[in-house]
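Visitor: Residue numbers (this note's numbering), protein chains in the order written: chain A, 1 to 109; chain B, 1 to 166.
Hints were generated in silico from the structure; no laboratory data involved. Yeah, the Cβ is synthetic: ideal placement off N, Cα and C, and Gly gets one too. Keep in mind that a hint or two might mislead.
[What the hints assert, rightly or not] Calculated cross-link-like contacts (lysine to any residue; reagent style SDA-like; alpha-carbon spacing at most 25 Å):
1) A:Lys102 to B:Val25
2) B:Lys88 to A:Val31
3) B:Lys126 to A:Asp100
4) B:Lys107 to A:Asn95
5) B:Lys126 to B:Leu147
6) B:Lys22 to B:Phe36
7) B:Lys118 to A:Val31
8) A:Lys102 to A:Met47
9) B:Lys160 to A:Val90
10) B:Lys126 to A:Leu55
11) B:Lys160 to A:Arg94
12) B:Lys22 to A:Phe73
[Unchecked claim] Derived Cβ-Cβ restraints for the label pairs, each shown as a range:
13) B:Ser20 to A:Val103: 17 to 25 Å
14) B:Glu135 to A:Pro12: 26 to 34 Å
15) B:Leu124 to A:Ile88: 33 to 41 Å
[As the list claims (entries may be wrong)] Derived coverage of chain A by chain B (criterion: at least 3 residues anywhere in the stretch with Cβ under 8 Å from a Cβ of chain B; other residues may be distant):
16) 42-49
17) 61-72
The residues making up each chain are set out below.
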Amino acid sequence: MESLFNAAKTVPLNHYILLSSIIFSIGVIGVLIRRNAIVIFMSVELMLNSVNLLLTAFSVYRGDATGQVFVFFIMALAAAEVAVGLAIIVMIYRNTNSVDVKVLNRLKW
Amino acid sequence: MSIFYFIAFLSILFSVLVISAKNPVHSILYLIITFFTFTVQYILLNAQFLAVVNFIVYMGAILVLFLYTLMLINLNKDSEPVKSNMVKFAAVLGGGCLFVVIMGSLKSLGASQPVLLKNPDLGLVKNLGKILFNEFLLPFEISSLLLLSAMVGAVLLATKDPKTTT
Numbered sequence: 001m002e003s004l005f006n007a008a009k010t011v012p013l014n015h016y017i018l019l020s021s022i023i024f025s026i027g028v029i030g031v032l033i034r035r036n037a038i039v040i041f042m043s044v045e046l047m048l049n050s051v052n053l054l055l056t057a058f059s060v061y062r063g064d065a066t067g068q069v070f071v072f073f074i075m076a077l078a079a080a081e082v083a084v085g086l087a088i089i090v091m092i093y094r095n096t097n098s099v100d101v102k103v104l105n106r107l108k109w
Numbered sequence: 001m002s003i004f005y006f007i008a009f010l011s012i013l014f015s016v017l018v019i020s021a022k023n024p025v026h027s028i029l030y031l032i033i034t035f036f037t038f039t040v041q042y043i044l045l046n047a048q049f050l051a052v053v054n055f056i057v058y059m060g061a062i063l064v065l066f067l068y069t070l071m072l073i074n075l076n077k078d079s080e081p082v083k084s085n086m087v088k089f090a091a092v093l094g095g096g097c098l099f100v101v102i103m104g105s106l107k108s109l110g111a112s113q114p115v116l117l118k119n120p121d122l123g124l125v126k127n128l129g130k131i132l133f134n135e136f137l138l139p140f141e142i143s144s145l146l147l148l149s150a151m152v153g154a155v156l157l158a159t160k161d162p163k164t165t166t
């Protein structure tokens, strides 16, 4: 395990920020281009995960374990969010027979 | 050093495949691989507790939940909604603009130091548990309330209304 870490220790912090922002942007694009509510949810998960990776990288960089505790809380939050969100999607499907977010446009105002 | 870039390339590739796959089941399978590459990144950072939690909670629980929901609502390919090319182009442009803005602010930081592990047992269960149950005891208890309320809410939302079914 230590040798595996030594393999990665020459990576600059900027590259972690680069990787996380690329994944985050892909998540944003995924939310915008898809109309299937489940795929939109998966893109949100992608965004949450990129933030988790960045928090862990900063936590290791600063030598402070608080960032990793935050990642733990974000994971608990994501689990709760997915459970409620998928229940809402199942309810929408039962009422409208579709998971297209377009059918929800009556929700405005 | 090169293993980081290889894993980073894989996670970018599979996350692009997640949002571009036509079939939602394929999207979920690609998302599982993406989360696995994130687990490898955590191991490279020596955050072993987070690697195990990511493996169990994300790949084990959340994605199985996604897969079950998708199979329950039984989508076929005809019902898959497709956006027009114009909207897709605008969405990619918007996401690209966000990325460019982040990169522009990152450029002003200049070169950064490499990520070095000063304390080798930083991400181990023993160290994290001490911090979690001393400084973060109240947020930990509140997150248990959050999970309980999410569970009650999910059961309440997903069960059929008895008035409409009978």
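Visitor: Does each hint fit the structure? Answer for all of them.
Guide: Status of the hints after comparison with the structure:
| no. | hint | in the structure |
| --- | --- | --- |
| 1 | A:Lys102 to B:Val25 | holds (21 Å) |
| 2 | B:Lys88 to A:Val31 | holds (11 Å) |
| 3 | B:Lys126 to A:Asp100 | violated (46 Å) |
| 4 | B:Lys107 to A:Asn95 | violated (49 Å) |
| 5 | B:Lys126 to B:Leu147 | holds (24 Å) |
| 6 | B:Lys22 to B:Phe36 | holds (22 Å) |
| 7 | B:Lys118 to A:Val31 | violated (38 Å) |
| 8 | A:Lys102 to A:Met47 | holds (22 Å) |
| 9 | B:Lys160 to A:Val90 | holds (10 Å) |
| 10 | B:Lys126 to A:Leu55 | holds (19 Å) |
| 11 | B:Lys160 to A:Arg94 | holds (9 Å) |
| 12 | B:Lys22 to A:Phe73 | violated (33 Å) |
| 13 | B:Ser20 to A:Val103: 17 to 25 Å | holds (23 Å) |
| 14 | B:Glu135 to A:Pro12: 26 to 34 Å | holds (30 Å) |
| 15 | B:Leu124 to A:Ile88: 33 to 41 Å | holds (38 Å) |
| 16 | 42-49 | holds (count 5) |
| 17 | 61-72 | holds (count 8) |
Checked against the numbered hints above, the structure breaks hints 3, 4, 7 and 12 and satisfies the rest.
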